[in-house]
Every structure is written in C-alpha cells, then in structure tokens.
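A.B. asks: Residue numbers (this note's numbering), protein chains in the order written: chain A, 1 to 169; chain B, 1001 to 1577.
Hint data in this document are derived by calculation from the structure and do not stem from the laboratory.
Note that the coordinates shown come from a computational prediction; the quantities given were computed from them, not determined experimentally.
Any given hint could turn out to be false.
[Claimed, not checked] 25 angstroms max Cα-Cα, derived DSS-like pairs, lysine-lysine: (1) B:K1441 - B:K1381; (2) A:K73 - B:K1507; (3) A:K19 - B:K1141; (4) B:K1441 - B:K1408; (5) B:K1141 - A:K73; (6) B:K1381 - B:K1300.
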Amino acid sequence: MTEETERRNHTLVVTVENKAGVLARVASLFARRAFNIKSLAVAPIDDEDLSRITIVVDGASAPLEQVVNQLNKLINVVHIQDLQPGHAVERELMLVTVTVEPDHRDDIVEKLDRAGGKVMSVGIDAMMLSLVGTPDHIDVFEEFLRPYGILDLQRTGRVALANLDEPID
Amino acid sequence: MKLDGGQALIRSLELEGVEVMFGLPGGAILPVYDPIIDSSIRHILVRHEQGAGHMAEGYAHATGRPGVAMVTSGPAATNIVTPLCDAYLDSVPMVVITGQVPTGAIGTDAFQECDTTGMTSGITKHNFLVTDAQDIPRTIKEAFHIATTGRPGPVLVDIPKDIVDPDNPNSAMEWSDNVEMDLPGYHPDTSVEPAAIQAAVALMQAAERPVLYVGGGILKARAAEALRELAELTGFHVVTTLMARGAFPDSHELCLGMPGMHGNFTAVTAMQESDLLIALGSRFDDRITGRLDGFAVDAKIIHVDIDPAELGKVRRPDVAIQGDCRVAIEAMVELLRVQGVGESDRQAWRSRISGWQERFPLTYDPSVPGEALKPQFVIEKLRDATPDDTIVASGVGQHQMWASQYWKFDHPYTWINSGGLGTMGFSIPAAIGAKVGCPDKTVWAIDGDGCFQMTAQELVTATVENIPIKVALLNNSYLGMVRQWQDMFYDERHSEVFLSKDVPDYKGWAEAMGCFALRVDDPDEVENAIAQANEVNDRPVVIDFRTEAREKVYPMVAAGTTNSDLLVHPSQEDQPR
C-alpha cells in the first residue's frame, strides 16, 4: 500500500448494538451510498449488548464526514470513532500456508521469528504460519513469502484502538 | 395482565393515539385482525396494499400525525415497498406493520415468506423483526418514536404469525402499562448552536441578494409561522420547493413561488443570481440545482437541517446549522430584532426581481372553444372555484407541475405530492388518506390518466368507506411528461407514450366504482362541471377533463444544463433576461 492510499484510508471504529442483522445494515449502507470498504472486522466487546465493527474506509470514494453522518443515522449504531491515521494502534492477523522446500525452511522460520510470528502447522512440503502486526508489516511479510509460493492465505482485516494519549471524543 | 401478542399489538397502537389505519388482511397477519373488531381504531380496507401505504402518507402529510398501515407477509409486503420508499424520500412519518411467517419457518422459503426487513432496510428510517411477543409493546413505542422525531420517516415492524396467534403458546405475554424504550443509538438533537445562529445572522445582515430557500423540513418542523416572521422582518424573498408549497403564502408579496426544473423564472433566477441562499429544511436536490457546478455560483450558503447528513452532502455550506428549523428560525428572528437586519442596499435586487416577475410570469396559450382543454386553464378554474384551504393531492408528471405552478397555496399542509420518489399513482390514495385525516376539508386529487390507471381501484375503497374525495383527471391520452421529453430531446419520436384515446371510458369506470362522474371536452363546460362536482358530498367525484396533449410544462431546466439556461415559454424567448 503506498503512503498516499494509506493516507486516504480512514479507520472507523463503530460501536453497534449486538443484534441480528446489524452488520447487514452497515454493509448495505456502504453499498447503497457507494462508499468503499477496504477492510472489515467485527466482534462483540466486553459489554455483551454491544459489538464493535472496525471499518477501513476508502476516503476517495466519499467524504469521510458523509460516511460518518450516514452511519450515525442507523438506529443501531451507538458510537463512531474516527481514528486518524498514525494516532491509533492497529493490528491485523494473517494465517498463511506457504510451499517450502526443506532447504528454505530455516530461512522462513528465522524471518518469522524476527517478525514475531509462529509456525502453526508443518506438512511435508508446506508450512502454515501466523503473524500479528500492523497492516503494513503484514503486507511486507506477505511479499517476502510470495516467491516461495502461497497456497492459502487469510487476513482478518484490521482492528484498532486509539492511542492512550489521544483525547477521547 | 395476560394478553396475546395480537391484542398487545392493537392495544399498543391505541396507546399511541392511532385513530385510523389502512390495510388489508391475509394469512400471516390474520390473528391481529381479530382484535381490531373490538378496537376503537377505524380500519380502512384498501383494494391494494400500495394504496394502504399512500393513504397512510396522505394522512400524515395532511395531519402531521404518523400514518399507519397494516398488511400481511410476502406479496403484501412487497406491494407496500413503494410507499415506504416514497415516505423515506419525502420524510413522511409512517408506521407499517407487516405479517411474517412463524418464527420457526423463517428462512425456509415458506408460503408468502419474504425477507421484509432485509428488503426494506435501505428505504425505511428503521425496521424491526419482532421475535418475542413480550417485545411487541416496546417495539411499537420505539417505532412511533423513531418515525415522528428527528427527521421523520417510515418505520416498519415485521410480526411473525406465531407471536400473535392466540392458539400458539409463543403469543403469550404479560402486558404492562410501563414500557421503556431501549434505543441507545438514537438521540435526535433539535437544539441549535448559538454561535452558528450568530454566524448566519452576520451573513444575512451583509447580504445584498438574499433568498430564503424553503423546503419540506419547514412543514415537518411546523415552522410556517416562524418563517413568515423571518421573511417579514428581513424583507427577504422566499422560494418554496415542491415539498414546501404552502409553507409560505403564494399571495404574499415576498413569495416567488416554486424553484427548480419546472420552477417559475423568477424563483429559479433569483436563486441563481443570489449572493446568499438561506436553505431551511431543503436539501439541494438535483431537481432544484440543475447542473451542480453551475448552481448559484456567487451564493454563500446557510443550511439549516435537522439531519446532519444533509449538511454538506451536496453543496458545502458557509454556515451549517444542525437542528430543528423552527428553533433555528426563532433564534435568528430574536437576534435580528436585537441587531437589525443590516445596512446592505437591497433596492437594486428588489427591482431586478420585480422586473423578472413582470417579464416572465407563468403563461400558456389560452384554451380555444372547440379545441381540447388547456390543463393549466382547468387548474386555474378549479383553484378559483374551491375554498382556499382545499387540500390538493397530485400524482406525478406534467399535471403535478402545473398543479404546483398554477394553484395558489396560502396555507401549509394543503399540498400533498410525491416529490423525491416521483411515484405515479400517488394522488388518489394520498387524497383518500388526507380526507380521512381532515374530513371537514375539501380534498381534490389532480391526476393524470397514466397515474389514474395505476391506483384508480382505491376509488372503490373511497366509495365503500364513505370518503368523498374529488378527482380532476387531466386526461391527454399520453404519458405526458415522457412525451414532453421525447418532443424536446428525442426529435419528437414518440416511443410507448400513447395510452389510448377512448379506452378506458373513465366516466363509465368511475361510475362503476360508485363515483359521480363527468366528462368535459369543451372549455365552456369546465366551470359548470366543477360546480356540479362541488355539490356532491356523499360519494367520490371524478371529472374526466380531455386536455391538449401537445402542451408542455414551461419553464424547464433541461437535464444536464444549469439554471441559467432555463427554457421559457416560446412567447417569452425574446425577453431580455
């Protein structure tokens, strides 16, 4: 991801009521207003009545203010936090299965160790790895693995919380 | 107290003050129709579910109270999608109750099952699928609260059969008179920022060419009186959009009438040349702005809207005021009284406006005896022969534009039409709903023949339920507005716009539906026919006015052009602008 697209993308942390159909409402709002979603992660939070949707919005598809205002009109949306780029902790998890000739195995494991990743499963000529990191960090590692041959890959989409020194809005 | 879900639903509606509902029963909603027999609520049995929805809208437009419609699942729910979308685009408070297959059958493609909440989530302010009978009273309370507060809109409540069927244990519930709403994400804010009001007032004081650009939000906010005070205090001219006709009296010297694609020259041009547009409950719709990059390029913008998402959606305002229009206008008036309306010289602007009014009045070539009627002439005659608080409901197309142009609206809530969605067939059911809500007022539907054929069957409802509306059918045998576009932009190649000269026989059809009906071909017969119609109050009336098909709506801003390129009536083309 280039620096410019990263700047255009915005991370919205949307707290919603934990009810059936709420994710569909959010997703269909994006579709019908022609806003683009780059990444989406959803899970309940500590308050079981609430759930949190972390959405990375393509800021070029619509003014962010319009996206926030339209989201706010959804009755099930309780709170929206706009995390400014560089002012939040952002993490993503990648699971990836990569083809590995035995003589390259050490190479990969060493790199993975340094990146803070783990080997999850080992086959005859393949390994499954997991890595948690910033989206950029994951991008870089994914590119490193690509020449070996990626058999399967799943990323979670990013989750984020504001830095502790950020004013709470 | 133990109740079943169906009883709880009807009781909840009674508690919301519902006096009338429009609907049609069927399988899934059947259990709720039984307690209606014992309810104080008047139920009006429609002939098609779309009619129920538009009636509820007409009722809401005329009374300001939420309209209520109830229909069954599946095809009934799909039939009411159009009114829901119509109400969504025009911010009409409405609560629609739909039946649904039993909870256990949801997702199995059961008979008359459709995903009603999924289908309507994008065209309702909110919707609910209730799965527990105990939740019915709270959900109904929430539905009315959401429909009527903030920016009003339609709310749908989908009710599976098992939770209202007394023979099913799932319908058992314990009634309580005290239910609390649980809407953690809904906090409509009507207050306004004093700093924003001050900034707006400063712009108003400095403006030399100000225009109050008034939309439907003024009516929703019950702000017509406040608006009049603001206009008279400042001496600023007012344009009333299609959704706001009647919010400011057409007879007032400061009223310029309707702007937009078929607005009158002065309203369109005053906005276009203005240096300050004060947008009050209006949303810079494409039918108002014409080509956006050429719209009112010198104007600063004050935008007042209760919906923050409207502020900056289309045109970036210089001062954005989120809040209730009435509260905002009253705050402006208060400040302007203290601070004065500014020293700007607006005399030159006023004379430009009166010059436009003199050179470019609305006009048409008069009806010639022996030839087809001019639709504008019919509307003028009707206007002059009815009480000035007559409610007019229109369909969509040329007749709608002429009605808005040629009627004189001097009272709020007397003009009901489908503005945002442009729903053909709106007028007859909407007029019925309005008449139910305001039985003491005269209600005329002004309709076209294309529209009439879409919803005319509701005249049977009107006859049977004793709702004596009157219908002025401007019958030119064409889908007139489409024909106008084909005349102007498709080299007069008429594709699929001719309906029929003789079929149906509207007079015969109307009589078959229990109406008093007349057919008028000659200009000399118009007044007499209207007089006869005005005498009939025990059943609906339909007058089939045979009108000239070549007539076009002028002025017109052609699609893709700016408001400066307004096309005027041919007789005005040589006038200096």
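A.B. asks: Each of the hints needs a verdict: does it hold here or not?
C.D. replies: These are the hints, each one checked on the structure:
Between K1441 (chain B) and K1381 (chain B), the direct Cα distance comes to roughly 19 angstroms. Compliance with the 25 angstroms bound is thereby established for this hinted pair. Simply put, K73 (chain A) and K1507 (chain B) have alpha-carbon atoms about 47 angstroms apart, too far for the 25 angstroms limit, and the pair is violated. Between K19 (chain A) and K1141 (chain B) the alpha-carbon distance is near 19 angstroms, which keeps this suggested pair within the 25 angstroms criterion. Of the supplied pair hints, the one linking K1441 (chain B) and K1408 (chain B) holds, its CA atoms being roughly 16 angstroms apart against a limit of 25 angstroms.
Using a Cα cut-off of 25 angstroms, the hinted pair K1141 (chain B) and K73 (chain A) holds, with the two alpha carbons roughly 19 angstroms apart. Straight-line distance between C-alpha atoms of K1381 (chain B) and K1300 (chain B) comes to about 40 angstroms, which puts the hinted pair past the 25 angstroms bound.
Checked against the numbered hints above, the structure breaks hints 2, 6 and satisfies the rest.
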